[in-house]
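Colleague: Below, each chain spelled out in residue letters.
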Amino acid sequence: MKLLFGKWTAIAKESIDRAAIVAKFLCLLHVTNTYIFSPTLVYGPSMLPTLNLTGDVVLSEYVSHRLGKVGPGDVVLIQSPENPRKMITKRVVAMEGEVVSFLVDPSRSDRSRTVVVPKGHVWIQGDNIYASNDSRNFGPIPYGLIQGKVWCRVWPIDGFGSL
Amino acid sequence: MFGKWTAIAKESIDRAAIVARFLCLLHVTNTYIFSPTLVYGPSMLPTLNLTGDVVLSEYISHRLGKVGPGDVVLIQSPENPRKMITKRVVAMEGEVVSFLVDPSRSDRSRTVVVPKGHVWIQGDNIYASNDSRNFGPIPYGLIQGKVWCRVWPIDGFGSL
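Chains as they are written, first to last, in my numbering: chain A, 37 to 199; chain B, 1342 to 1501.
The set of hints was computed from the structure by calculation and includes no laboratory data.
Hints are all accurate, no fakes.
Some residues of chain A that are not near chain B, with every Cβ distance over 10 Å (derived):
#1 Phe41
#2 Ala48
#3 Ser74
Subject to a maximum C-alpha distance of 20 Å in a straight line, what follows is the list of computed EDC-like cross-link-like pairs (lysine to aspartate or glutamate):
#4 A:Lys60 - B:Asp1355
#5 B:Lys1457 - A:Glu118
#6 B:Lys1424 - A:Glu132
#7 A:Lys105 - A:Glu132
#8 A:Lys155 - B:Glu1420
#9 A:Lys105 - A:Glu134
If you anchor each label on the Cβ, the simulated ranges turn out as follows:
#10 B:Arg1404 - A:Gly42: 42 to 48 Å
#11 A:Gly197 - B:Arg1356: 42 to 48 Å
#12 A:Pro142 - B:Ser1500: 50 to 56 Å
#13 B:Ala1357 - A:Ile165: 49 to 55 Å
#14 B:Arg1446 - A:Gly197: 56 to 62 Å
#15 A:Gly197 - B:Tyr1373: 33 to 39 Å
#16 A:Ile52 - B:Arg1404: 27 to 33 Å
#17 A:Lys49 - B:Ala1357: 24 to 30 Å
#18 A:Gly109 - B:Leu1501: 42 to 48 Å
#19 A:Leu77 - B:Arg1404: 17 to 23 Å
#20 A:Gly107 - B:Tyr1468: 37 to 43 Å
#21 A:Glu50 - B:Lys1424: 48 to 54 Å
#22 A:Ala48 - B:Leu1501: 40 to 46 Å
#23 A:Phe61 - B:Arg1356: 19 to 25 Å
Just so it is clear, CB atoms sit at the ideal spot from N, CA and C, and this is done for glycine as well.
Turn these sequences into a full structure, and let the hints steer you where they fit.
Modeller: Following this line, the structure appears as structure tokens:
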């Protein structure tokens, strides 16, 4: 009886040790994915032709936006101002204080508007202005909604390299 | 001689690893579960003191979408992304807000519908608060945490 119980404690101890190793690895993976860089699947028509419709895997880094190093021309990952559970990918067109001229709805009219970006905000637009729901619809977004910057594409292989 | 140095180096690395693991655990708890926070300023009087209170804030509710009207929340300021502000949620998306635009100067009031994905925040001290009445409704994604209870000063201990 005593021998059987001792065997179970040994098994329990070993499984706890192995679980601890897995937990430590997952912690490291999570910290890397949140604060340093991670692969991200992006899809949708709003960044054509830069990003494909059916999905690309890109490496995105999470260091620049914390250091304030996001600027015009960067493709960024943003928490959508319309739905906080959704992450969207757009290009930063203008920073706070800059003046933006844009076509309001190019597929329907030639109307253009000019706007000054308020303090603490950025103006984002998708590369495919005919099919993009961006700052032309929901206005400039607070800089704090930027979650990361897209660095380079890793899949599909023939599209490998920085955007 | 060299052997002694390697032994010292190994022991300091082991001890540094223990400290690093503890700091990792502390950081994960402070970011994802709860942490003490120092809040100060006049915009939440009389609920929170001018000169500073330590409150416990938790970081779970906003991820589960459980932040609602009446909650005191920590927000990343839409005017300055490096600044964290503390205000009360007054209305959620789709709700109608009636507010006094500038009560210390006039009796003018406005009514606004909160757009989708946004919340309306106001400080309890509407005479000295820079909030949604100035910068408009803020996206829900800017909410970083919810204030749970006050722990310092001791005579103010308890939920807000």
